[in-house]
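K.L.:
One-letter residues, chain by chain:
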Amino acid sequence: MTLTTDQTAGAPAPALTRPLRYGGAGVLRQVSVLSGRSLRALREPALVLPGVLEPILMLTVFSQVFKSVSQTSAFPAGVSYIDYLLPAFLVTGSISAGLKSGVALTTEMNNGIIARFKAMPIHTGSVLVGRSIADTVLNCVNMLVMLAAAALVFGYGPDGGVLGSLGAVLVAVVLGWSLGWVFMALSAWVRKPEALQPIGGIVNMVLLFASNAFVPAEGLPGWLRAFAEVNPMSYAITAARDLALGEPSTATVLATLGTCVVIVTVTAPLAVRSFRRAT
Amino acid sequence: MDTPMIELTDVTKAFGSTKALDGVSLTVPHGTVLGLLGHNGAGKTTLVGILSTLALPTSGQARVAGVDVVRHPEEVRRRIGLTGQYAAVDETLSGHANLLLIARLLGATRAQAASRAEELLELFSLTDAAHRAVKNYSGGMRRRLDLAASLVGDPDVIFLDEPTTGLDPTARRALWDVVQRLVREGTTVLLTTQYLEEADVLADSITVLSAGRVVASGTAEELKNRIGHRSVSVTVRGADDRELAAAALRRAGLSPAHEDDGLVLTMPVRDSTAVAQVVRATDEAGVDLAGLAFCEPSLDDVYMALNHSDGR
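Same order as they appear, the protein sequences are chains A and B.
Residue numbers 1 to 279, in the UniProt record's numbering, belong to the letters of the first sequence in order.
Residue numbers 1 to 312, in the UniProt record's numbering, belong to the letters of the second sequence in order.
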C-alpha cells in the first residue's frame, strides 16, 4: 500500500479499533469450541426433555403391551421381558440419536449459521466432528437416564449386572455415533430437514421392526425372519442384549463395533465432501 | 496498492442448463461500496456465494483482495466477512456468546475474545442485550449482531447480502450508519439489495443484474443521467388556470401533460435550469401557482427502464 493514498492510516478510529487478525485456531480448538456450542443445548430443558422422555414413554408402552411375548416358546427361558427389551431400546434409541444429528445439521444449513462457519477460516470437518461429539455425549446421557429409569421404575436388573448394562450402553452409543455420520452425509445431500425426517422414519421402521428388537427372530414369519437375521440392527441388539444378560459374545460385540467403525470410515469423508459443496 | 478488492472476470455459474450468472465482470476498488441491484433470481446471492467461497464458479475468475477464490479459498476466508440472508448467528446463544464463539474459532484467546465481543456489542448498541438469547432479539438487533459477527476477524471485505430486508426505517438507518463508518475506516463492501434507496445512500457505484447478466453499471448519478427522466411539475388553482398555463408552457417549447381533471402539470426537462423557464412562462400568462417541484429520477425509474428494455 502506498504511503500517500492510505486514508485508513491517518483517520482516527473512534469506536472500531482494528486489531491484528487473530492467528487462527487449530483443528482441536475448532472441534472443542464447536462441540461446546452444540452441547449448550443441554442447558435448554425444552430441547433435552423430549429426547429423554420419549424413550421412557416407549419403554412403558412396549414393556406392558408385549409382556406376553415372554411366555412364547422362542423366548429365552428365565429372562424377564424388561431385561430382554431394554438393551434393544438402547440400540433403537441410537437410531433416533443419529437421525437427530442429521436433522440438526440440515436445520442449521438452512438457517444460515453453517454458511457463516463455511465462510470462516476453519476446517469444514470441524463443524461435523463437533456436532458428532456433542450428539454422542448427549446420547450417552440419555441412555444412562433411560437405564436408571428402567431399573428404578420397571425393575430392570439383568444378570450381566451394572458392567454388562454399561457395555450395552457402549455398543448403543458407538452405533449412534456411526449412524450420526450416515445421517449427516444424507443431510448434506438432501439439505432439507423435512426431507430427511421421512427418510429417517422409514429407515427406523424397517431396521427396527424387522429385527429381534421386540420379539425373538425365531418368532417372526419366515420372510421377515430372513430379513431380521441379516439386519445389522439385529446384530447390534444381540451384542447389547448378550452383554446386559451376562452372556457376552466377543465375536458379536467386535463385529458390531467393527461395522460401526467401517461405516464411519466410509461416510465421514462423504459427509465432509458433500457438506463443503452444499450451499 | 491499487489491486481491486473484488474482481470478477467473465464469471458464469450454471445449474444444469440454467445460467444463474452469465459472464459477469466487475471490480470494486479498495475502501468503496458496490451496490448490486436486482430482482430475486437475478443472480445476486449466487455471486456473493462464489465470492465468499461457498460455491464454485462454472467458469471465469474471481478474486478477493487479490486472492483467487477457487485456488486459495482458505486464504480468501481469512479476509472476508459474510452477512445477510445467508449467514446467521446461533439463536440459542446470547449475543455475547455468539461473538465469543466466532472470536475463539478465529484463534483469539479467551481474554481477547471477550474484549473483542464487548467492543463490537458497544459499537452496535447491543451492550444492554449482550447476555440475552438471540431468539429474543428484534429484527434490527439481530441484523446488527449478524454484522458484528462478520467483523470479529477484522475483514478487508464484507459481503452484505440484503442486510436490511424486512427492517423498519429506523433500524435500517442505524445499520446504514455502521456500514458508512466501516467504509470510512477502509473496509470494502459489496452490498446486494432490492432497495434502490439503500444503494443510492450507501454505494459508490452500482451494478444492476438481471437474469445473471450485468445490464448497467456506474454511479447512481450516471445511471440517472443515462436512463432516468427529470421533470418539473406545477400545481395550479383551477381548470381555467391549467389551460392558460399549459398553453404558455407549450409556447415556451415544453410539453406539459396532466391527468383528466388534475391540477398538476408535469413536463420532462433536461435539467434544473428549466425551472426558471417554467416560472417565467406561467408568470407571463398571469397564472398564480399553488406549487412547483423539480423531480430527479429515482433509482426506481432506472430500474424499471432497464428491466423493460430487457423484455421483462
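Where hints are given, some of them may not hold.
To be verified - Listed next, the in silico SDA-like pairs over lysine to any residue satisfying Cα-Cα at most 25 Å (straight line):
1. B:Lys-135 - A:Val-266
2. B:Lys-19 - B:Lys-224
3. B:Lys-135 - A:Leu-49
4. B:Lys-224 - B:Arg-270
The hints are simulated quantities; they were obtained by calculation from the structure and are not laboratory data.
K.L.:
Next, verify each hint and record whether it holds.
P.N.:
Right, here's what the structure says about each hint:
1. Among the hinted pairs, B:Lys-135 with A:Val-266 is inconsistent with the structure: their alpha-carbon atoms are about 37 Å apart, more than 25 Å.
2. Pair hint B:Lys-19 plus B:Lys-224 does not hold up; C-alpha atoms about 29 Å apart against a cutoff of 25 Å.
3. Note on B:Lys-135 and A:Leu-49: the hinted pairing holds, with a Cα-Cα distance of about 20 Å set against a maximum of 25 Å.
4. Between the alpha carbons of B:Lys-224 and B:Arg-270 the distance comes to roughly 12 Å, so the proposed pair stays at or under 25 Å and holds.
The structure shown violates the earlier hints numbered 1 and 2.
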